[in-house]
Amino acid sequence: MIQIDHLCKEFTPNNRVVDDITLQVNTGEVFGFLGPNGAGKTTTIKILTTLLHPTSGTAVIAGHDVVEDPLSVRMSFGYVGQQSGVDPALTVYENLLLQGRLYHLPKKKLQERIKTLVQLFDMEGREGQWVGALSGGFKRRLDIATSLIHEPKLLFLDEPTLGLDPKSRLDLWSYIRRLNQEEGMTLFLTTHHLEEVDQLAHRVGILDEGRIQIIGTPDALKNSLGADAIHLSFQNPLNASQLALFQKNTGFKEVIQQGDALRLYIEEGQQALPKVIQWLDEQGLSPLSVLLARPTFDDVYLKYTGKNWATANEKKENEWGDWGGGSDGGKWKNKWNKEDGETEGGTENDWQSKWKSEGNPPDGASEEKGSGDWKNKWNESEGGTTGKPIEKARDEPKDWENQWKKEEGKDPSSAKPDKGEEEKQDWEKWQDSGKSGDWGSAAQDKDKSEKKN
Amino acid sequence: MPYFLLDIKNLFFKYLTLTWRMPMWTLFGLIQPLLWLVIFGQLFKGLSQLPQFPEDNYVNFLTPGIIVMTVLFGASWSGVSLLRDLRHGIMEKLFVAPIDRSSIVLSRLLHNGFTVVIQVFLLIIVAFVLGAGLPSGGGIFWIWIIVLMLAVGFSAVSNTLAMMLKREEPLVVMGNMLTLPLLFFSPALVPKSFMPFWMQLVSMINPVTYGVEAVRACYRGVFLQPFYTSITILLLFSFAAISVSAAIFQKTE
Numbered sequence: 001m002i003q004i005d006h007l008c009k010e011f012t013p014n015n016r017v018v019d020d021i022t023l024q025v026n027t028g029e030v031f032g033f034l035g036p037n038g039a040g041k042t043t044t045i046k047i048l049t050t051l052l053h054p055t056s057g058t059a060v061i062a063g064h065d066v067v068e069d070p071l072s073v074r075m076s077f078g079y080v081g082q083q084s085g086v087d088p089a090l091t092v093y094e095n096l097l098l099q100g101r102l103y104h105l106p107k108k109k110l111q112e113r114i115k116t117l118v119q120l121f122d123m124e125g126r127e128g129q130w131v132g133a134l135s136g137g138f139k140r141r142l143d144i145a146t147s148l149i150h151e152p153k154l155l156f157l158d159e160p161t162l163g164l165d166p167k168s169r170l171d172l173w174s175y176i177r178r179l180n181q182e183e184g185m186t187l188f189l190t191t192h193h194l195e196e197v198d199q200l201a202h203r204v205g206i207l208d209e210g211r212i213q214i215i216g217t218p219d220a221l222k223n224s225l226g227a228d229a230i231h232l233s234f235q236n237p238l239n240a241s242q243l244a245l246f247q248k249n250t251g252f253k254e255v256i257q258q259g260d261a262l263r264l265y266i267e268e269g270q271q272a273l274p275k276v277i278q279w280l281d282e283q284g285l286s287p288l289s290v291l292l293a294r295p296t297f298d299d300v301y302l303k304y305t306g307k308n309w310a311t312a313n314e315k316k317e318n319e320w321g322d323w324g325g326g327s328d329g330g331k332w333k334n335k336w337n338k339e340d341g342e343t344e345g346g347t348e349n350d351w352q353s354k355w356k357s358e359g360n361p362p363d364g365a366s367e368e369k370g371s372g373d374w375k376n377k378w379n380e381s382e383g384g385t386t387g388k389p390i391e392k393a394r395d396e397p398k399d400w401e402n403q404w405k406k407e408e409g410k411d412p413s414s415a416k417p418d419k420g421e422e423e424k425q426d427w428e429k430w431q432d433s434g435k436s437g438d439w440g441s442a443a444q445d446k447d448k449s450e451k452k453n
Numbered sequence: 454m455p456y457f458l459l460d461i462k463n464l465f466f467k468y469l470t471l472t473w474r475m476p477m478w479t480l481f482g483l484i485q486p487l488l489w490l491v492i493f494g495q496l497f498k499g500l501s502q503l504p505q506f507p508e509d510n511y512v513n514f515l516t517p518g519i520i521v522m523t524v525l526f527g528a529s530w531s532g533v534s535l536l537r538d539l540r541h542g543i544m545e546k547l548f549v550a551p552i553d554r555s556s557i558v559l560s561r562l563l564h565n566g567f568t569v570v571i572q573v574f575l576l577i578i579v580a581f582v583l584g585a586g587l588p589s590g591g592g593i594f595w596i597w598i599i600v601l602m603l604a605v606g607f608s609a610v611s612n613t614l615a616m617m618l619k620r621e622e623p624l625v626v627m628g629n630m631l632t633l634p635l636l637f638f639s640p641a642l643v644p645k646s647f648m649p650f651w652m653q654l655v656s657m658i659n660p661v662t663y664g665v666e667a668v669r670a671c672y673r674g675v676f677l678q679p680f681y682t683s684i685t686i687l688l689l690f691s692f693a694a695i696s697v698s699a700a701i702f703q704k705t706e
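As you go down the protein sequences, you meet chains R and Z in turn. The first sequence lines up with residues 1 to 453 when you count with the working numbering. The second sequence lines up with residues 454 to 706 when you count with the working numbering.
Just chain Z, with the same shape it has in the complex:
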């Protein structure tokens, strides 16, 4: 195996070991999305009785949104663990090892993606118990791919911010500041047609929008052209985010 891939593999398994030793963190990450699913689902139950509402059950509609939300919450913490490594000198030790810094970035992002995929798997089961149904056809596999792309993309954003800010407090503030608007400017909680026109415009440049729509398509089992457009946009987004993040790792002294 070329050294580059070997390094990614070694580091990926290292991060996986750390997660495996503290599985509680992965589970904690699920608590907030589950609360949203239960409470928000109850609170806005009546929404589905409106004539324009696309689904007959609000939890059905909400579940894809909450899946994407899990990804956002999980990814926004990724930079915090990077700062831990920086503070402990662990990152410095990696930087003087004869490995390409991109392999450090990629192994981190892959690991974040993998953790989120597991969280989403658990979430799908809970949502099913709550009556949301299951993704139809090959939907579940597509969901994992979508979630992976979103998670890698947003983790890259979080890692980039961490490298730039170098401190945890502003990073957490930034993370909180970004996640909620990203959700509200997407059809995660209400259908797009319910939004004012200007919010609809903003939602078009929001990668979360395409994530939510693609996951929703998986639940419905409708894989038409808009679905593939969403997938393409997500692919571009995650690729761009990875590139920026890798560049900043290379450049940082």
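Okay, chain R solo, but in the shape it has when bound:
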């Protein structure tokens, strides 16, 4: 249905927004383009929909070249852009009618088509409503309906669920699924929601800085990482020789370092976790936290772009468009970004150094605990994109507390880590019990219960 060969697009010379993209989308397939803002998703879609001219390379849609025969190409696809596209000052019916007239449908055919689409998208009885007064989810549905007026076999959806609330998003997903399964349409969608491609797409292409990093089915991409992920966090980032220890260990299918955190990908993680902890101990490494999780698309994304999903999405598009696009605007933007980054890093360091300077022993257990809490909080505030691992991170102190309570018979709320000595002993005890396997089984149990859910 879509055949793209070495497609490139430069808005300014030597600045490739789309860089040598080659891919094929088969008839009846749902293809998802995944990438952060500014990765080149929209630019690619605009080339495919004849809105932009490629700098080099070719794209053929339903047998027609997008540059040589744009009119035939336009008849063969429907397009739902990022902005709504339906006129808010017209009614639902008028929008459909106008769209059909612009595609030159005969009168009778057009009326039939409107009826079908109104039914398909559950808009019965609302044909006379002003589009401006409709909810975002309904507007999106109408948007898709209008773009299907000429019965295209191919539909482009550019971030279709952008700005929708979770419920509307789920609704829209079911409509999109139906188009593919019941109408047999080929869908090409872009998104920066990991979940969305996971749910909808047969195949996914991960796009970053204009290049395709990998194409595959969502499952294959996740399986390429191994069945389970172990997230470790350390007090300080590991140095090269420490990292090499992990990389030399053939038990790990993939090792990804990210600041002071480390992700290990492994088969049968539940069984392996105790061994991993033991192994870590043998290497003289003591992580602050250990989590066992299923690889998500976040992990896939991290592997193929080397970027965390949350941080990659911070790179925002230039709001001022052409106006800020002058050399000054660009510089200004860069400067802003840099300053922003600096202050963020700055607060983190300040926080840490302040903590250290407040009379906490540099290598004492209390600091371990303190940092741990801090780390968890930090993770929590970093946002829920990673899903499961964070949930676990939040739960962990509870295990710690319970264990402590059990073994020492102390009320955790009354015990304050102001006495370094005492605290250290507890810590060691707890660590011992962790070695004997308690810790591992606790994590396993939790994993099981999570699975049940």
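To be clear, the hints were calculated from the coordinates, so they are not data collected in a lab. One or more of the hints may lead you astray.
Among chain Z residues calculated to face chain R with C-beta under 8 Å, some are [what the hints assert, rightly or not]:
{"#": "1", "residue": "Tyr456"}
{"#": "2", "residue": "Asn463"}
{"#": "3", "residue": "Lys467"}
{"#": "4", "residue": "Leu471"}
{"#": "5", "residue": "Arg474"}
{"#": "6", "residue": "His541"}
{"#": "7", "residue": "Gly542"}
{"#": "8", "residue": "Ile543"}
{"#": "9", "residue": "Lys546"}
{"#": "10", "residue": "Phe548"}
{"#": "11", "residue": "Val549"}
{"#": "12", "residue": "Pro551"}
{"#": "13", "residue": "Ile552"}
{"#": "14", "residue": "Glu706"}
Backbone N, C-alpha and C fix where the C-beta goes; we use that ideal spot for every residue, glycine too.
Knowing the structure of chain R, use the given hints to seat chain Z on it.
Just chain Z, lined up with the frame of chain R:
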């Protein structure tokens, strides 16, 4: 009907529906010209007592100028509605439809011309009430043709600027910056003979000048050679403006 004309017709009626639903905007567009007509007409009343003044009543003289001014004000807002369509993705949806982009431009310009023709019709009635008289002979029909050409031409300029600037603020600033000088460098408010020589020279390359003179001729009922020269120049101006605007629509990515 060929698809090209059909597309123009469909889009023209769409824009007309939008205007029809919000008639207040068309009326608001008349407020400022009416204020000028009343206040400026009173302020410069004495001008008509000067011996060189061509009319015996200043409102009589001013009305054609205000008609052209209405056209300028109306047309300068045309680009703003284009930006609205661009921002809402409505334009993008039209761009992926199997229609020629020129039909989008032409339907927009025709619609702007049509709105201004209605405004001018109302203005002529108000001016008549204020004592300006009515166009003589076939003057009223000629006025509509002149107004249509001017409106289409200046709307095309506004649409072109909108496509180039892509933002509303600079577009509105440009619109304001252009309309008043265009009026002052024309015989809309004072006769040409009152202008310094250099301003007279500038006024000769100003399409507004020919619009004002042609409308004035319609009021007087004098259709001589200068009138037809004005009409020809206006025709060329609007044709050139449409071509540039259509070209920029075709080229814009």
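Hints, verified against the model:
1. Tyr456: Because about 6 Å separates Tyr456 of chain Z from the closest Cβ in chain R, which is inside the 8 Å limit, the hint holds.
2. Asn463: holds (5 Å)
3. Lys467: holds (6 Å)
4. Leu471: It holds, given that the least Cβ distance between Leu471 of chain Z and chain R is near 5 Å, below 8 Å.
5. Arg474: Check passed: Cβ of Arg474 of chain Z comes within 6 Å of chain R, closer than 8 Å.
6. His541: holds (6 Å)
7. Gly542: Hint holds; Gly542 of chain Z Cβ to chain R Cβ min 3 Å, cut 8 Å.
8. Ile543: holds (5 Å)
9. Lys546: holds (4 Å)
10. Phe548: This interface hint holds because 6 Å falls under the 8 Å limit.
11. Val549: holds (5 Å)
12. Pro551: holds (5 Å)
13. Ile552: holds (6 Å)
14. Glu706: holds (5 Å)
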